[in-house]
Amino acid sequence: MKKKYTFGWDQGVTAFLAITVVVGSFVSEYFANFDNLSFVIQDIAEIAIIALAMTYLIIAGEIDLSVASILSLTSATIGFLFRNGTSFEMAIVGGLLVGLLCGLLNGYLVTVVGLPSLAVTIGTLALFRGLCYALLGNEPVNELPENWIVLGYENIPGTFLPWSTIPLAILAAIAWIVLHYTRIGRWTFAIGINPEAAKFSGIPVARMKLGLFAMTGLMSGVAGVVYTLRFASASPDGAVGFELSVIAAVLFGGVAIAGGIGTLWGVLAAVLSLGAIRSVLQLIDFSANALLVVSGALLLISVVVPRAIEIYQSRRKSAFVTKI
Amino acid sequence: MIKKLAKVAAAAIVGALVATAVTPASAAVPGIKTGLKIAIMPKAVNIGYFTAWDKGAQKACKEIGAKCTYLGPTEATGPAQVQFINKVIQQKYDVLVISAADQNAIVPSLKKAKAAGITVVTSDADVAAASASSRVVSVLPAASDRIGTAEVDWIAEAVGKKGSIAVLSASATAANQNAWIAAMGPYLTKKYPNMSWVGGTVEKSTFYGDDDATKSTAQFAAILSQYPDVAGIISPTTVGVLAAAIEKKAKNAKVKVTGLGLPSQMAPYIEDGTVEKVGLWNPIDLGYVAVYAAARAESGTFKGTVGSSFLAGKKTYKVTKGGVVFLGDPFTFTKSNIATFKAIY
Amino acid sequence: MKSLVTRFFRVRELPVFIALVIVVFITGSANPQFFTLSGFQDVTLGVAVVAVLAVAQTLVIVMKHIDLSVGSTIGFSAYLIGDASSKGHGFWYCMGLALALGLAVGAANGFMVAYLKLPSLVVTLGTLYIVRGVFNEVAGGNTITEDMVPGPINFMGLNTFFGIPYLFLVAFVLMLVVGFVMKRIRSARDLYAIGSNLLAAELGGIPVARRVFLAFLATGAVSGLAGAVLLARFNTAAANSGNGLELSVVAACVVGGVAIAGGIGTVYGAVIGAILLQAITMALGALGIPQFWQLAVNGTLLIAAISLDRYLSTRVKPTSIMGAK
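Protein chains in written order, with this note's numbering: chain W, 1 to 324; chain V, 1 to 345; chain H, 1 to 325.
Next up, chain W with everything else stripped away, as it sits in the complex:
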């Protein structure tokens, strides 16, 4: 029964995306042009990349609130290393490494020390953000090499797609295939549905979770690189509050917070939808405050509607049964 409506939700989000784009083109003359679409993709690129990993994590029954801080710490590391003489390429590698290490720390605290992920990632959120300040103090780094910056805000020559589409597309494809067509993906679902049963059927639950946290850290790191290039600077207060946007997108994409349910396409469609609708609302002059209310409302709708459908279906079913 549940599996059925997951596919339903998937299609629902896709429909929502399509409707938003179509309606958007009608209500605002500024929406459906390549320039704007390019911007929308840039706008959601970082959130999408992190959401790919967060999807796995939430399906497995965990959560990570520190992703925005990891993104910022990666950015701060790149800035710090570059400012102190490292080549930009090496600085990027250093930043990604830091992201991975942060993820491993989260994973360690959850799987080895046994702390609840919600609580512990509130702590690491503060810790990683604090390290950003420790690295950069109050001086953001803003003289980054021009040839790299260009990747941050230019489009791939000849198309309307920004450069950031490349890492996003590759990672999304890999994430999709792994989640739905490989053993690792199946294990992730199994752990989310019933960790005890998963353990007893031979799945290395602790190691898997550690890996998922590490992957989330690494993806946050990749997002951090994209972020640094897009804003041509590294600052200790970057991406504050991003984690809520990522989680909201994943939840809107049909991933159940309790774990065990979700699809990657749902999440991607959700991220694109949220970016599109934000763009449409802005272009028809909705105030920023109204956007907050809409975000909250969409989040609520994303859980109320499936539940309403479920209640309706079960009422129909029970009516059917009593007839017999």
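Some hints could be false.
Claimed, not checked - Keeping only pairs whose Cα atoms sit at most 27 Å apart, straight-line, the calculated DSSO-like set for lysine-lysine is:
(1) V:K55 x V:K92
(2) V:K37 x V:K318
(3) H:K64 x W:K199
(4) V:K318 x V:K111
(5) H:K87 x V:K55
(6) H:K87 x V:K342
(7) W:K317 x H:K117
(8) V:K112 x V:K321
(9) V:K318 x V:K59
(10) V:K248 x V:K215
(11) V:K87 x V:K33
(12) V:K37 x V:K112
(13) V:K191 x V:K254
(14) V:K335 x V:K318
(15) H:K87 x V:K249
Unchecked claim - From the structure, some residues in chain H lie toward chain V, with a derived Cβ separation under 10 Å:
(16) K64
(17) L245
(18) P290
Since the hints were derived computationally from the structure, they do not count as laboratory data. The beta carbon of each residue, even a glycine, is placed where N, CA and C say it ideally should be.
Based on these hints, arrange chains V and H on the given structure of chain W.
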């Protein structure tokens, strides 16, 4: 003779009438195109200071016959502003007047706006010096060192020119505040030898309230608790100085407080003596002058080159090094003049 | 006698209380000012808001739920009180308004979590956004100033009762009342059952939906009324008031032994946890740790506190009211 004069006069009048009929929507102000579409973007929309800034901008807009829209994010961060800058580009505005929430993060977007033909002027908060080319000019209140040193003068006056002082700033990355604070250090040492910084240097004596009332209050309490003998606190941000005044009154503390304060918010504390003096420039003027500079630049009559000048309303302003236009020294508000100013902003 | 001593050492709140004593001692040694009356008042005043919210949040966390909307609610409430007062309304009217707001948010949350059986993380995240959006729209760029604060609230914020700030007394009394209710009154004790084992609670005849709804309603009401505490503490309110408080509140509860996994922990622990976090922040300053390192150290200590609590909880008898032996 009179007939000839009358003919000339008549011709002149007709000529004038024809000219006004023919000139597209009579230029309300000469040298500025009318009907310009101008975006006024604060760091964040829900901040009282920027509401006043917008008041000035709207006034200028009315005078020059432009259509101005006040828009911006709810949080004062660069990435949030970038979304709105894109909206401005998409909706094909002619001019963008913006207070930079982040001196670096918005630069690529401003460059995009410039490439799309939009005239960009920053006001109140500028982009980093290295990226000055992303905007035509910047309209700022007064030179950083003037603002910083003025505040030191105010606190010195309040504490009787001796004692140790601390600084309650905005966020650690706030470029404006950092520049002002940097000017405070050497000035104190040079001019007030009997005064010192609580932590030894100005850097070690700066606490960050992040322009948040809660955090600023907590930091004020932290200063008092770590340095019970502190004589004075400078807060170069309206949120900080208000929080400090409130907390000082609540705790009946002896420390002197001064800084940059909005007269409408600080009035009760100046009137009852909690705070002797605060200062601020007029954000209304900042918005007003910025719109004029931008409109003139868009109309092609003002290039923003160093040394050039332009007329905003009744006053002329000159462009100084780095493409910056300064309004002048901050006003100070004391018991004697607070009543007048608190009604204005 | 022996059993009393053993029971004392097995009290769940003991570790966090000891941690608090240690931190207070360290802070005091670095800064003797801390041990004075004014130091005491600094801590208690600074912790009042979070403590009140932590007491309410405990009701929800022990049931294995969470309420992230408290920050937006308390901020909006503080603004409404000041705004109504400035328009000439009396104290009780303003408080009624605050209560109404809190009840509305609590009822919405409660309905969706209890009767629609939706996950509380998602629901309260949604209401967080909605309330904040509405709040920002209503407040605009306005700031509530001290002259707009109702008299009784102003009084409460500025004065002390035999040296103890009134605001802290509010939190303290609330803690005692709720603590008593949760231990002695049957319907409140059910909250622990719901958090420990939902199925067993249902089968045991506990009206789960009603309890959950009332708990969220109570949390909402407290957050609304606590707007007065926020306003009293800072004598100002604006569009960004209350932003981010929810994380501090959850952290305080967790550190104080109220496990995210539900079924365990008391309001006493939550308040001690709030005080501990406040004391740590003050300790960092007193010890002269450079500003730019303070946040990182704060985060590390938070993780350490959670780890310690977790470690000790495996060694300590849980004060689950269901009488675990």
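Taking the hints in turn, this is what the structure says about them:
1. As the CA atoms of K55 of chain V and K92 of chain V are separated by approximately 23 Å, the hinted pair is consistent with the 27 Å bound.
2. Straight-line distance between C-alpha atoms of K37 of chain V and K318 of chain V comes to about 25 Å, which keeps the hinted pair within the 27 Å bound.
3. A distance of roughly 23 Å separates the Cα atoms of K64 of chain H and K199 of chain W; the hinted pair therefore holds under the 27 Å criterion.
4. Taken as a hint, the K318 of chain V and K111 of chain V pair is honoured in the structure, with Cα atoms around 24 Å apart against an allowance of 27 Å.
5. Pair hint K87 of chain H plus K55 of chain V holds up; C-alpha atoms about 24 Å apart against a cutoff of 27 Å.
6. Of the pairs offered as hints, the one joining K87 of chain H and K342 of chain V holds, with about 19 Å between alpha carbons and a cut-off of 27 Å not exceeded.
7. Of the pairs offered as hints, the one joining K317 of chain W and K117 of chain H holds, with about 19 Å between alpha carbons and a cut-off of 27 Å not exceeded.
8. A distance of roughly 24 Å separates the Cα atoms of K112 of chain V and K321 of chain V; the hinted pair therefore holds under the 27 Å criterion.
9. A distance of roughly 21 Å separates the Cα atoms of K318 of chain V and K59 of chain V; the hinted pair therefore holds under the 27 Å criterion.
10. A distance of roughly 15 Å separates the Cα atoms of K248 of chain V and K215 of chain V; the hinted pair therefore holds under the 27 Å criterion.
11. For the hint pairing K87 of chain V with K33 of chain V, the CA-to-CA distance comes to about 23 Å; that is within 27 Å, so the pair holds.
12. Distance check on the hinted pair: K37 of chain V and K112 of chain V sit about 18 Å apart at the alpha-carbon level, within 27 Å; holds.
13. The straight-line distance between the Cα atoms of K191 of chain V and K254 of chain V is roughly 24 Å, inside the 27 Å bound, and the hint therefore holds.
14. Our distance criterion of 27 Å between C-alpha atoms is broken by K335 of chain V and K318 of chain V, whose separation comes to about 33 Å.
15. Under the criterion of a C-alpha separation no larger than 27 Å, the hint pairing K87 of chain H with K249 of chain V is consistent with the structure, at around 24 Å.
16. Interface restraint check for K64 of chain H: the shortest CB-CB distance to chain V comes to about 30 Å, outside 10 Å, so the restraint is violated.
17. Interface restraint check: L245 of chain H against chain V, minimum CB-CB distance 8 Å, threshold 10 Å, status holds.
18. Interface restraint check for P290 of chain H: the shortest CB-CB distance to chain V comes to about 8 Å, inside 10 Å, so the restraint holds.
Of the hints listed earlier, those the structure fails to meet are numbers 14, 16, in rising order.
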